[in-house]
Amino acid sequence: MSPTSTIERSKKKPAEAAVTSFAYAGKLLRVNLSTGKIWNQPWGQDEMRECLGGIGLGARILYDEVGPKVHWDHPDNRLILATGPLAGLPVWGTGGLTVVTRGALTNGATSTQANGFFGASLKYSGYDAIVIQGQAKKLSYLYINDDVVEIRDAAHLAGKDTWETQQALDAEHGLSGHRMSVYSIGPAGENLVRFAAIEGDYGHVASKNGCGAVMGKKKLKAVCIVRGTKALSAHDTRGLIQAADEIAHDLKTDPSTSTLYNWGTLPGVTNLYKLGALPIKNYTTNVTAVNMDDWTHTKLRAGFDHRGHQCNACGMHHCHIQVIPSGPHQGELVDEPEYEGWSGAGWTIGLTEKEAVSWLNTRLDRACVDVNEWGWLCGWVMECMEKGYITEKQLGFRLNWGDVEGAYRLLQMVSHREGFGDVLAEGVKRASEKVGGEAAKCAVYTMKGASPRGHDHRGRWDEMLDTCTSSNGTMESANPTFQTEIGLPGRINPFDGEQVAKLTGGILGRRHFEDSLGGCSFTFRARIELLARALSAATGWNYKLDDAMLLGRRTAAILRAFNLRCGIGPELEFPSARYGSQPVDGPAKEHHVMKQWEHMVDVWYETVGYDRKTGKPKPATLKKLGLDWLAKDLWRK
Amino acid sequence: MKGELKPEARRADPEMRLSGAKPGELKPEARRADPEPQTLAATIEITTWVTKYVGGDGSGTRIFEEPFAPGETVRDVLRRYTRRIPDLDAALWSPDGTDLGAHIEVLVNDAVLGVAHDLDTELQGGERITLLGQFMGG
Numbered sequence: 001m002s003p004t005s006t007i008e009r010s011k012k013k014p015a016e017a018a019v020t021s022f023a024y025a026g027k028l029l030r031v032n033l034s035t036g037k038i039w040n041q042p043w044g045q046d047e048m049r050e051c052l053g054g055i056g057l058g059a060r061i062l063y064d065e066v067g068p069k070v071h072w073d074h075p076d077n078r079l080i081l082a083t084g085p086l087a088g089l090p091v092w093g094t095g096g097l098t099v100v101t102r103g104a105l106t107n108g109a110t111s112t113q114a115n116g117f118f119g120a121s122l123k124y125s126g127y128d129a130i131v132i133q134g135q136a137k138k139l140s141y142l143y144i145n146d147d148v149v150e151i152r153d154a155a156h157l158a159g160k161d162t163w164e165t166q167q168a169l170d171a172e173h174g175l176s177g178h179r180m181s182v183y184s185i186g187p188a189g190e191n192l193v194r195f196a197a198i199e200g201d202y203g204h205v206a207s208k209n210g211c212g213a214v215m216g217k218k219k220l221k222a223v224c225i226v227r228g229t230k231a232l233s234a235h236d237t238r239g240l241i242q243a244a245d246e247i248a249h250d251l252k253t254d255p256s257t258s259t260l261y262n263w264g265t266l267p268g269v270t271n272l273y274k275l276g277a278l279p280i281k282n283y284t285t286n287v288t289a290v291n292m293d294d295w296t297h298t299k300l301r302a303g304f305d306h307r308g309h310q311c312n313a314c315g316m317h318h319c320h321i322q323v324i325p326s327g328p329h330q331g332e333l334v335d336e337p338e339y340e341g342w343s344g345a346g347w348t349i350g351l352t353e354k355e356a357v358s359w360l361n362t363r364l365d366r367a368c369v370d371v372n373e374w375g376w377l378c379g380w381v382m383e384c385m386e387k388g389y390i391t392e393k394q395l396g397f398r399l400n401w402g403d404v405e406g407a408y409r410l411l412q413m414v415s416h417r418e419g420f421g422d423v424l425a426e427g428v429k430r431a432s433e434k435v436g437g438e439a440a441k442c443a444v445y446t447m448k449g450a451s452p453r454g455h456d457h458r459g460r461w462d463e464m465l466d467t468c469t470s471s472n473g474t475m476e477s478a479n480p481t482f483q484t485e486i487g488l489p490g491r492i493n494p495f496d497g498e499q500v501a502k503l504t505g506g507i508l509g510r511r512h513f514e515d516s517l518g519g520c521s522f523t524f525r526a527r528i529e530l531l532a533r534a535l536s537a538a539t540g541w542n543y544k545l546d547d548a549m550l551l552g553r554r555t556a557a558i559l560r561a562f563n564l565r566c567g568i569g570p571e572l573e574f575p576s577a578r579y580g581s582q583p584v585d586g587p588a589k590e591h592h593v594m595k596q597w598e599h600m601v602d603v604w605y606e607t608v609g610y611d612r613k614t615g616k617p618k619p620a621t622l623k624k625l626g627l628d629w630l631a632k633d634l635w636r637k
Numbered sequence: 001m002k003g004e005l006k007p008e009a010r011r012a013d014p015e016m017r018l019s020g021a022k023p024g025e026l027k028p029e030a031r032r033a034d035p036e037p038q039t040l041a042a043t044i045e046i047t048t049w050v051t052k053y054v055g056g057d058g059s060g061t062r063i064f065e066e067p068f069a070p071g072e073t074v075r076d077v078l079r080r081y082t083r084r085i086p087d088l089d090a091a092l093w094s095p096d097g098t099d100l101g102a103h104i105e106v107l108v109n110d111a112v113l114g115v116a117h118d119l120d121t122e123l124q125g126g127e128r129i130t131l132l133g134q135f136m137g138g
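Residue numbers (our numbering), protein chains in the order written: chain A, 1 to 637; chain B, 1 to 138.
Any given hint could be a false lead.
Said to hold, decoys possible - Calculated pairs, DSBU-like style, for lysine-lysine (alpha carbon to alpha carbon, straight line, at most 30 angstroms):
| # | chain 1 | residue 1 | chain 2 | residue 2 |
| --- | --- | --- | --- | --- |
| 1 | A | Lys441 | A | Lys595 |
| 2 | A | Lys544 | A | Lys624 |
| 3 | A | Lys354 | B | Lys52 |
| 4 | A | Lys138 | B | Lys52 |
| 5 | B | Lys52 | A | Lys252 |
In case anyone wonders, no lab produced these hints; they're calculated from the structure.
Computed from a predicted structure; not experimentally measured.
Please work from the sequences and hints to get the whole structure.
Written out as structure tokens, the structure reads:
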């Protein structure tokens, strides 16, 4: 172990040789890129029960192995690609992959999820997670084919975008489609753009907090995994399938989730516009002259020739591949944008030409750039140029609202750190601080450095509070889902800070539990009771709703402790001036979040049982969560 | 002008008839309170996936006019309106019918409930009550 790592908790006896556990492969794949060493690490049932997988497992490894001096770009930083107990089993959307690392934007904990087939393939290859440390001497890729695991030269992949990389590896190995899953970085990752993402399986992106920059720093271009051949079984197959059926039935028939089932996240554009939560032109307005009837989900999909592009074992009509029907990029194959694509590659930068938005969205994925941070960055440049805060000379060209070719030119500059693009590649917080003056007041970010999701949170205070207080580089609780199940109100006044904080704090842990299972956050928008039933049937262990929330809150507390150790505390838990400003128009114009901010944060702390002054989970909270060991770390004199 | 529908709402008139709206039908209390009641009306705007309950395809917007008597509240108007459409009734209200369920947002004049109006706020006439399906997902 590196001298910079945390060592206190490693005195624990190493896991015994894995006892066969239902739903688990039973071992972690360890890779040290500095030394070239590759080894298997068995993990035991006690750890599985406690961490589950995904973010739960990743948080534990991060806390145990990445010390405060191991910054995001340090070779000892860990890049954890984790699945969970449901990955590879017949539950919808169980090809999930959770990336956990110390990220480049906040230099703190990161957890970000993507889907496709990677998680299932990894489990079928005999691994529950890959833990990557070290830094390769030259650009490399990791090849996994059951027990064959090799670090290979990737010189021929240098500079390729993520789709080109997947195509090249498909051709090289004579495999395509679902027979090989590839997650890679594009030029933005290679050039350490702080908001670089990891993209895979043509359109799935682990995008938050610069995890692609971490991968780039390790000189790891891609991880490609052949669909494995190892057996995976559930403890109670019949029970698992019954629970999976009920989850699918809920998704199809529940009024709220059925749109997700049919249309994915497309309805977000018109819905959020109604609530004043669609970000338009970098938060400068919330109204548009564009006919929003043309932006309904049916029209967004019908405007393109499209085909379903489902993930592992998924029956949703969510992901689609589409063809650009007209214009300069006619005939190009692109990934149908999620809501956040329409927002970050479109509305936020004043671009409302659908073909252009869809094309740019895929170009961002291919360069491996997080579409949310892109929206805030590009929108900020456009606004600053309009107002004269950034000059044409400074940038090198004129960039106006909605200029798709200009935006693409900017993307190239950022991805390759060319000219002013080098400043912008640091993300909007650092870039705006560097430019300073009036320009700095226009930037949308959190003081921790994380990117808000592609909404106007001035109309969604719960998400702003979550984004600012979270410990994983993005929203950690996300929006409430079936919250009445855990005794919370079905609806609140979204502009009453106290109600908002109680709800946001009350749901803490649900998302962490979901992200520990190895499935998709969209197919897991089900009642927790059903997810717990599926987990119990898969593993043979008995989980109930309360266990699920406790496991999730435990993970949240570990990530918070990690961040505090990294120096990221409550003093950074507020929005930038623009992010927390009062809307000038639209449905939320009467409401200014900062008038209630302090009280809202106070109530959130009270609700989650953390200490307001230090940010630490209180000893009593940790005791309740069964984290006595963490209490000793956090509260020792 | 209060109670006046937008042109597109007028075009939706056949749907209004389909909805079973009975202009002039008042609650007994209202009759007692005012022997010659003034007929007021609110616009009910159904949008997003909620349109499926009123003959839509789950997108776009459907607009209806719902008459009410002076003194009636948002709750009164919505209860009466949805009682005629059982599936919408089940989706909008909690199982015991006393409160709203979790998945449909209710806006009055573009503001969500709890801001300027709540369920028991008396309507004045001319309000636009929007039923907006909750959006799930990133």
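Now the hints, each set against the structure:
1. As the CA atoms of A/Lys441 and A/Lys595 are separated by approximately 18 angstroms, the hinted pair is consistent with the 30 angstroms bound.
2. Pair hint A/Lys544 plus A/Lys624 holds up; C-alpha atoms about 17 angstroms apart against a cutoff of 30 angstroms.
3. A hinted pair counts as satisfied when its Cα atoms are at most 30 angstroms apart, and A/Lys354 with B/Lys52 qualifies at roughly 25 angstroms.
4. A C-alpha spacing of about 56 angstroms is found between A/Lys138 and B/Lys52, which places the hinted pair above 30 angstroms, so the restraint is violated.
5. The suggested pairing of B/Lys52 with A/Lys252 holds, with an alpha-carbon distance near 14 angstroms, which does not exceed 30 angstroms.
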